[in-house]
Structures are given as C-alpha cells and as structure tokens.
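There are 2 protein chains.
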Amino acid sequence: MTISPLAPTSTPEIAPVAGVTLAASAAGVRYSGRTDVMLARIAPESSIAGVFTKSSTRSSSVLWCQDVLADGGHAPDGKPLGIIVNSGNANAFTGRAGDESVAAVGAAVAKILGTNERAIYQASTGVIGERLPHAKIEAVLDDLNARLSPDAWHEAAAAIMTTDTFPKLASATAEIDGKIVTISGFTKGSGMIAPDMATMLGFIFTDAAIAPGALQTMLREATDGSFNAITVDSDTSTSDTVLLAATGQAGNAVVTDASDARASGFRAALDGVMRDLAHQIVRDGEGATKFIEVNVTGAETDAAARVIALAIANSPLVKTAFAGEDPNWGRIVMAVGKSGESADRDRLTIRFGDILVAENGWVAETYREDDGAAYMKGAELAVNVDVGVGEGRSTVWTCDLTHRYIEINADYRS
Amino acid sequence: MTISPLAPTSTPEIAPVAGVTLAASAAGVRYSGRTDVMLARIAPESSIAGVFTKSSTRSSSVLWCQDVLADGGHAPDGKPLGIIVNSGNANAFTGRAGDESVAAVGAAVAKILGTNERAIYQASTGVIGERLPHAKIEAVLDDLNARLSPDAWHEAAAAIMTTDTFPKLASATAEIDGKIVTISGFTKGSGMIAPDMATMLGFIFTDAAIAPGALQTMLREATDGSFNAITVDSDTSTSDTVLLAATGQAGNAVVTDASDARASGFRAALDGVMRDLAHQIVRDGEGATKFIEVNVTGAETDAAARVIALAIANSPLVKTAFAGEDPNWGRIVMAVGKSGESADRDRLTIRFGDILVAENGWVAETYREDDGAAYMKGAELAVNVDVGVGEGRSTVWTCDLTHRYIEINADYRS
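Protein sequence lines correspond, in order, to chains X and E.
The first sequence begins at 0 in numbering that gives the first Met the number 0 and counts up one residue at a time.
The second sequence begins at 0 in numbering that gives the first Met the number 0 and counts up one residue at a time.
These aren't lab readings, by the way, just hints derived from the structure by calculation.
The reader is advised that the hints may include incorrect statements.
What the hints assert, rightly or not - Label pairs and their computed distance ranges (CB to CB):
(1) E/Ala267 / X/Tyr30: 50 to 58 Å
(2) E/Ser258 / X/Glu406: 45 to 53 Å
(3) E/Gly212 / X/Gly339: 22 to 30 Å
Unchecked claim - Covered stretches of chain E (in silico footprint by chain X; criterion: 3 or more residues with CB under 8 Å from a CB of chain X, positions within the stretch not fixed):
(4) 52–59
(5) 320–330
(6) 338–347
(7) 357–366
In this text, all values refer to a predicted model and were calculated from it rather than measured experimentally.
Where is the CB? At the ideal position from N, CA and C, for every residue including glycine.
With these hints in hand, go ahead and build the complete structure from the sequences.
In structure tokens form, the structure reads like this:
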C-alpha cells in the first residue's frame, strides 16, 4: 500500500508512560503476514475515561465498554485494567454472537492479567457482519502477556491499522504540581468509517493522577476539538472508540476537578496530543491529497459555527473542487447556505488562506482568480469564512474527495 | 455530451395547457450554439404557487419570487403572469448587482407582456458570483414574445439545461367535476447543485381552476414526495425553484381547499408528474449509472424515516458500494446507525429488492452473497430497510457515486 502523500515525514518519538505496558501479536483474525491484536496493561489504581460512537447500530464491544464505564469502570483494588483491540473484524452487527465474543475475550484477558473481566476494555475494527473468530485472539494472549513492554508503542499502533497507510502516534509532557507528566497515545482510521476497514479508534495514556470524573470531562472536551472536529466522508462508524487512562504514577496530588488550574498545562498538552492524532487521521483520509482546515467565525454560536464548518467540510462539491485545485468559492457560498444556520449573505467573507476572495455578498474587488488558483496547488489549505451574524467560531479539518476515494470504496469487498 | 445511461428511452408527449404559451431563444448569456432563455406567458386570472431553496445564501431571483408570492403573487385583473428563466448564470452571490438585474429583467418582461413587473417570476441557473449580463436577455425578449406557442415544451425544457444530458418533461390528465384537466411541466438539474451548473428548477402548468392557497398546499405536499425526496450529492442550491401555475381554463368549478375530494384525482396526477420529473433528475445525476430507491419503514415517525432514508441515500460509502456493484449491506447498517434516529439493531431488516439480506441483528441465514452480487448488476435498484421501532415510512431516490462524478466536479471551472 502506498503511504499517503500527506503523512508526517518522520516517525514521532513516543515517551513511555509509567504504569502502562503494551504488546502486539499476529492472530490471523482476517489479515495474514501482519499483527492484528494489541494488548495494553494499565497498572492498578488507574482511572479510565471513554467516548464512543453515537451510532444506534454500534458494536458489541462499544456497548460493553459503555456498560462497564457507566458502572464505575475501574478495576478492583490492586488489580490492573486491560485494553484488548483487534483489527480485521469489527464484531458489529453480529447479533448475539457478538456479545458472546466480547464475553469470551474479556474473560480470557482478565484471567491472563489477573483481574476482573469488567476491568477489560475492548475494541474491534474491520469487516461488519461476520462472526469474530475470538478463539484466534485467545490463542495469542499468553504470547502478548509475556511480551508486554513499556516501549511497544509503534507495534501497538501498527496492530490496530486497517486501511491506514501509516501508524499514528503522538506524545507530549506537561507539569502538574511541579511533577513532569507524560501523555502518549495512538489512533487509527482513514475514512470516518468503512465497515470493512476504517473505524476511528484512539487510545491515550498518561501517568498523571486524575480522578475518573475529571478525566472523563477532560477527554470529552478534548474530543470536541480533535476527533469530533474531523471528517473524511461524513460517515460514522459503528465502532468509534477513544479511551484515556491515567495511572497516577507521576506523583502529582490527584486532580479531582477538570477546571482545576493545576491541570491547565496538562489539558493543553492533552488537547495537543489528541489534535495531532486527529490530524493524522485526516492526513490518511482515503485518497486524500489535500489537508484542509475550515475556520468559521461570526456565527450565532460556536455550535452554529461547527454546523457551518461541517457543511463546508462534508460537501462533495467543495471536496471535489479542492481535488481539482479549483478555487471555486461559489461552492463555499452554497455550503454555507445549505447548513441551515444563520448567515448574512451580504456580510459573508471568504478567504483562501490569507487571500480575500469574497466580501459584502460578492467577489472581492482585489481578488484575482490566478491568486486563488496558485493557492490551491498547495497540499495544506485553509478556508476561512466569516458569516457576519455573531461571535461563534469553530475549526474543523478535512481532506479532498478524489478518484482514489472512489477506487478504494467502490472495489468489491471480498 | 453523452446522454445518461439512465435516461428515458423515448421522448414523452407533452399536452398543451390552455392559457400557457412558451418560447426559447439563444441569448448567449454564457453558452454559445444553444438556447439559454425561456419565457412562459400565463393567461390572466391564473393562480400561481412556488417552493424554493431554504439556503441562506439564495439568489436574488429566489428572493424576488418569494417576495412577490408573499405579496399575493398574482397579476392585475386582465393581465398575464410571466416566467423568465436563463441558464449559464445563477445571478447568485452577486450583491446589489444581482438585485439590479432582477429589477431590469422583470421590468422588461412586464413591458413586453403588457403586465405588472410583480407578475413576472424569474429563475437563473449557472455560475455563481458573476454578474448576470441581463442586457443579453432583454435583447431577445421581442423575439421570444413573437414566437410564444402552446407547443414549445421541449424547446423550453432544453433552454434551461446546464449540465443536464437530456431535457426532462412530463404530462398527465385528470378529471375535476367531469372536466378533463391537463398538467404539463419540465425540470432541470443533475447534481442537487453545482454552483456553475446544476441547480434544480421545475415549472409545472395546469388548466385546472384552483385558488392560490389550495394550489400552494398542493405544490408543497407534492414537492415533499418528489423534488424533496431526491438527492444526488446532498448539496443544496442557492437557486432551487419550483413554480406551479393554474390557468383555470379547463372549466371546472374553482377548487378552494386542497383537501376537497373533487381534487383528489388531480392531486394524484400532480404527484405523478412531479415524481416523474424528480426521477428524471436522479436519472441524470452527475456520473450516475444506478437509479436507487431507498424505502425505510418501521421508524418512529415518517419524518424519522425520511432522515434515515436520506442518511442511506447520501452516504458516500453506500453510494460508492453501489457504483462498485458491491452488495455491501454493512454500509447500510452504518448509515442507519449514523442517522441519529431510533433503530433497533436487533430488529433491523435489510432487503436488496426482494432479497432478504439481514434480519434480527445479523446476516439472514438464507442470504447468499452471490444473490446480492447478481442483484447489484441491475441499473434500477431498491434498498428496503425496516428499523423495527414504529410505523413511520419514507421513500427517497438517489444514484450512485462514480468516477465520472469526480471528473465532472473536480474539473477546473472555467
């Protein structure tokens, strides 16, 4: 598989996180000749938080994770948490067999880690509607457990890939109470979904000490500006899952309130790691040749700005114009108009990067089509739109819609 | 331009409508070597109704039509109504110049037809953001007026085409009070929009006598099951306009209430004409090779069913699967899930045509992939989904998403 032209040019250094060990293995769930199962062991007394797809047809593993989180979500005293992830099969729309697979894998991982099965989080990504061959996963658990390592980040990130063309990792540090805390994580996804391929999964770990409620708030808010602010094709997976675990081994006094000023540096670093990971997903968007930032300002509310930004970012006509390097600002006007949110046609301003394209309800006097066309040749593009009715703002990221997207997704499944 | 493979194989016979005359001319607004302006004269004492795009960036001509309709919308006693339409330029996002063009064209057409300018309805379709060269339209008005004919339906339909590969017309008759009434109309559009090409316009005429309020209700409800039930690419034009004029020359006693039983046959015929026209738009969808009907049943409400049906019909992953003749029912499950409407994963039923594909939350025991693959080879396909929670139902129509769509829309604009 050819690596995306928008992939990062170097492999990031990922710092270990005290209390977290990882391993990957080749179970042959669907693929051969590559790893496809990842196990993470998270030390006793850790906190965990999660956000999930809102799909009404979400997978058995998503339902399981939501259930155990709602139930407190933590391991018994002195026992570790575990995360087990497979690629190749989504275990989605598999009826009761799906629940049986989750139960079987959970029990097996719990046994090998010496913990309770309700301390085991699961995610599956791959083809929909085929029974998960969970015995294949169980068969590699001894091997995974024997090889758990604080340094196996790249191996773990590679094992959860489906149509991804590169593994996606990020790492950062911050300070809480004068203690250095580390955040490291990885993600996968290259369409927002393709049932046989490209669910979005993300796993982030820190050694900061943060209580579960605060951790959940931090994760939810960081998701809003990262994984929930990207779109490749507007489609939503049955399996999207992001988990954030905090081991508390960095030695800071536990943060119990997400708005605690002591945690502001940590939250900024978490935002940065998650945004970096989310951008890598867009950069690996199926068939993508352009990385596009859409900034909307002047909307009635931030939520309205988000709706407008997504209307632009999801418009097939906008996305094909970018693919064709066509500075077709009329399609931006159309997308703003169709969003359903308030915009003042006669105060609408559109910029490609810094180039003023349209203002006051018409093309700008200073705009020259050659400037727009030259700008579009770049691989990293920004569309800046002010809709002229308020103070609401939002930024989302997307990619272009190319022939390669059609090739990838119109190919026969088997 | 190659005619769509889904085009009707024969040209429909269009019956004249007493009180309606039409003409087309080549004004050179943008295109050369073809007609691009259409004029319709509608006899005095006619009723007119309209439905329009909800875009907040809608064009000057849409704003004009909405304004005159809100104001009563009818011609002075003894004076005709007129409809003037050009292709090649949408007169959208053209600031104050757009309003000036509408005023100039309206005054010129009113003068030539001997009526008030507020009895002149206008529509423009074509490139966004360029000043409408309205003098070119004014220059052909004498010629248009001289050639107004009760039989120029095909000429009128051809003049309003943009990227359309065939003109789209339909005609039907019904009975009111024992009088035969005729309905004839035409439409254009091949993406839901491309700012430089494919706005949806529709013009329907009848000689039935129907009061304005009743006509508006009939049009709005017929639109719901026709033009508002189709999608090519989920994008919404700045210029979408449907007008329905009733001359009253058939001689029935005037219908003043849309629910009047006397009009039930007429309404069924109107629904049929408008659905036929809407289907022709999908059949001319940019790059389309498959005509797809999506039926959703078992939703909480009809509105919820519509949302689910559109989630399926607009999903790039569903549309590319159809393009690839891939019976990828997992993508249908995904689209149902992402719609945001209630669905019972474990009672979801999916059929391709009559072929039961999935039921009870899993692939059906009787389903064979070969049957699904064979079905997908057809050009006319149906996806039938029951979501298992209520009695709501909706049908929408769409086409597949192909390489040709990317070619058409990623090409440089000029």
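Hints versus structure:
The hint said 50 to 58 Å for the Cβ distance between E/Ala267 and X/Tyr30, and at roughly 55 Å that hint holds. The beta-carbon spacing between E/Ser258 and X/Glu406, approximately 52 Å, falls within the hinted interval of 45 to 53 Å. Distance hint check: the CB atoms of E/Gly212 and X/Gly339 are about 27 Å apart, consistent with the given range 22 to 30 Å. Coverage of the stretch 52–59 of chain E by chain X holds [criterion: at least 3 residues with CB-CB distance below 8 Å; count 6].
As drawn, the stretch 320–330 of chain E meets chain X at 9 residues by the rule of a beta-carbon pair under 8 Å; at three or more, the given contact holds. A count of 8 residues in the stretch 338–347 of chain E with a Cβ less than 8 Å from any Cβ of chain X is obtained; the coverage claim is therefore met, three being the minimum. Figure legend: the stretch 357–366 of chain E, annotated as covered by chain X; annotation consistent (5 residues with Cβ-Cβ distances under 8 Å, at least 3 required).
Checked against the numbered hints above, the structure breaks none of them.
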